[in-house]
Amino acid sequence: MRDGNIGIAIIVETLVAEIERFGAENIDIQVFKKSYSSIREKFPSLTEEEIYTVIQMAISLYNYKVQEKVELVITAPNSFKLKALKTSIVVHDLISSAQKSITLTGYSISEYFSELLEMLLDKSRKGVYINLYVNDFASKQEQLDKLEIYKGRFLNIYDYNKGSDKMAALHAKILVVDGHKTFISSSNLSYHGLEGNIEMGVLINSHKKASNVEELFKQLRAQKVFTKL
1 MRDGNIGIAI
11 IVETLVAEIE
21 RFGAENIDIQ
31 VFKKSYSSIR
41 EKFPSLTEEE
51 IYTVIQMAIS
61 LYNYKVQEKV
71 ELVITAPNSF
81 KLKALKTSIV
91 VHDLISSAQK
101 SITLTGYSIS
111 EYFSELLEML
121 LDKSRKGVYI
131 NLYVNDFASK
141 QEQLDKLEIY
151 KGRFLNIYDY
161 NKGSDKMAAL
171 HAKILVVDGH
181 KTFISSSNLS
191 YHGLEGNIEM
201 GVLINSHKKA
211 SNVEELFKQL
221 RAQKVFTKL
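For what it's worth, the numbering used here labels the leading residue of the sequence shown as 1, then goes sequentially.
Among the hints, a few may not be true.
Stated by the list, open to error - Calculated pairs, DSS-like style, for lysine-lysine (alpha carbon to alpha carbon, straight line, at most 25 Å):
| no. | residue 1 | residue 2 |
| --- | --- | --- |
| 1 | K86 | K100 |
| 2 | K166 | K218 |
| 3 | K151 | K100 |
| 4 | K218 | K208 |
| 5 | K146 | K100 |
| 6 | K42 | K69 |
| 7 | K126 | K166 |
| 8 | K100 | K126 |
| 9 | K69 | K228 |
| 10 | K151 | K81 |
| 11 | K151 | K224 |
| 12 | K86 | K166 |
| 13 | K224 | K126 |
| 14 | K162 | K83 |
| 15 | K100 | K83 |
| 16 | K33 | K100 |
| 17 | K151 | K208 |
| 18 | K208 | K34 |
| 19 | K100 | K69 |
| 20 | K151 | K162 |
| 21 | K146 | K228 |
| 22 | K228 | K166 |
| 23 | K228 | K126 |
| 24 | K34 | K228 |
| 25 | K224 | K209 |
| 26 | K209 | K86 |
| 27 | K166 | K81 |
| 28 | K146 | K126 |
What the hints assert, rightly or not - Computed Cβ-Cβ distance ranges for the label pairs, DEER-style:
| no. | residue 1 | residue 2 | range |
| --- | --- | --- | --- |
| 29 | K83 | E13 | 35 to 45 Å |
| 30 | E148 | E68 | 34 to 44 Å |
| 31 | E118 | K34 | 44 to 54 Å |
These are calculated hints, taken from the structure and not from any lab test. C-beta: ideal position from N, C-alpha, C; glycine also.
The task is simple: from the sequences and hints, build the whole structure.
Here it is as structure tokens:
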């Protein structure tokens with residue numbers, strides 16, 4: 001790579017880092033100080049106004065690239081002619097496509113989950129980080145026993161602490177993959193949840209939303225809402 005291309009690559013990396021750190025609400029020399037300096041050094045003939053125009057263009061391109069996409073996902077009988085993604089296919093495809101990380105919650109888990117369980121084990125063996133949050137692990141130990149055997153560096157299992165309210169539960173059904181795809185649904189990890197019931201959810205393609213969800217679980221762990229098994 002020529003020196004000129006290297007310089008431009010550095011400017012791009014600096015711009016992206018500052019956009020993600022500070023956001024794009026305001027453009028001033030203090031917020032985008034490193035980007036401003038890098039552009040001025042590389043293109044000394046540009047005026048201050050022209051440099052800010054370049055930064056604005058970079059922000060617009062970044063926002064276009066990371067634009068959120070939301071799709072409807074349903075569980076319904078095949079006789080229903082609804083234009084939406086199918087829950088079982090979305091869950092299967094998300095887990096099978098994971099390259100870096102998987103965050104998954106389980107409220108009701110049945111033997112129907114066994115195929116997905118094998119997929120999770122295979123992913124953890126390949127170095128994909130998995131955080132599984134379950135409600136009342138003891139009642140699901142028969143289904144999750146194999147996962148517990150293999151828990152370790154790449155596979156973490158967390159059990160919900162009911163505290164003083166014995167009726168409280170981890171009822172959220174969430175799947176986050178690779179820090180940018182988030183599936184939120186009413187469906188459980190069971191036959192009826194994935195195939196038989198009428199269930200509805202959304203698949204969100206957004207780094208920000210995925211980060212928000214994972215940060216929430218991180219805070220819940222810090223507050224001892226979950227116990228690591």
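Hints, one by one, checked against the model:
As the CA atoms of K86 and K100 are separated by approximately 24 Å, the hinted pair is consistent with the 25 Å bound. With a C-alpha separation of about 23 Å, the suggested pairing of K166 with K218 holds against the 25 Å cut-off. Straight-line distance between C-alpha atoms of K151 and K100 comes to about 17 Å, which keeps the hinted pair within the 25 Å bound. Proximity of K218 to K208 is assessed by CA-CA distance (about 15 Å); at most 25 Å being required, the pair is judged to hold.
As the CA atoms of K146 and K100 are separated by approximately 22 Å, the hinted pair is consistent with the 25 Å bound. Distance hint between K42 and K69 is unfulfilled; the C-alpha atoms sit about 36 Å from each other, more than 25 Å. Only pairs whose Cα atoms come within 25 Å are accepted, and K126 paired with K166 is rejected, the gap being roughly 38 Å. Note on K100 and K126: the hinted pairing holds, with a Cα-Cα distance of about 10 Å set against a maximum of 25 Å.
This hinted pair does not check out: K69 and K228 have alpha carbons roughly 33 Å apart, beyond 25 Å. For the given pair, K151 sits about 41 Å from K81 by alpha-carbon distance, which is inconsistent with the 25 Å threshold. A distance of roughly 20 Å separates the Cα atoms of K151 and K224; the hinted pair therefore holds under the 25 Å criterion. With a C-alpha separation of about 34 Å, the suggested pair K86 and K166 falls outside the 25 Å cut-off, and the hint is violated.
For the given pair, K224 sits about 29 Å from K126 by alpha-carbon distance, which is inconsistent with the 25 Å threshold. Straight-line distance between C-alpha atoms of K162 and K83 comes to about 39 Å, which puts the hinted pair past the 25 Å bound. At roughly 30 Å between alpha-carbon atoms, K100 and K83 are farther apart than 25 Å, so this suggested pair is violated. Note on K33 and K100: the hinted pairing is violated, with a Cα-Cα distance of about 32 Å set against a maximum of 25 Å.
With a CA separation close to 28 Å, the supplied pair K151 and K208 exceeds the 25 Å bound. Straight-line distance between C-alpha atoms of K208 and K34 comes to about 23 Å, which keeps the hinted pair within the 25 Å bound. Between the alpha carbons of K100 and K69 the distance comes to roughly 21 Å, so the proposed pair stays at or under 25 Å and holds. Proposed proximity of K151 and K162 is supported: the alpha carbons are some 23 Å apart, at most 25 Å.
With a CA separation close to 16 Å, the supplied pair K146 and K228 stays within the 25 Å bound. Restraint check for K228 and K166: satisfied, since their Cα atoms lie roughly 19 Å apart, inside the 25 Å limit. A C-alpha spacing of about 22 Å is found between K228 and K126, which places the hinted pair at or below 25 Å, so the restraint holds. Restraint check: the Cα-Cα separation between K34 and K228 comes to about 41 Å, which exceeds 25 Å; the hinted pair is violated.
Between K224 and K209 the CA atoms are separated by roughly 23 Å; this keeps the pair inside 25 Å, and the hint holds. Taking the CA atoms of K209 and K86, the gap is about 21 Å. The hint holds against a cut of 25 Å. For the hint linking K166 to K81, the alpha-carbon distance of about 41 Å lies beyond 25 Å, and the restraint is violated. Proposed proximity of K146 and K126 is supported: the alpha carbons are some 17 Å apart, at most 25 Å.
Checking the proposed 35 to 45 Å range against K83 and E13 shows it holds: the Cβ atoms sit about 40 Å from each other. Range check, E148 to E68: Cβ separation about 36 Å, and the 34 to 44 Å hint holds. Between E118 and K34 the beta carbons are some 47 Å apart, a value that agrees with the proposed interval 44 to 54 Å.
Hints 6, 7, 9, 10, 12, 13, 14, 15, 16, 17, 24, 27, counting from the list given before, are not met by this structure.
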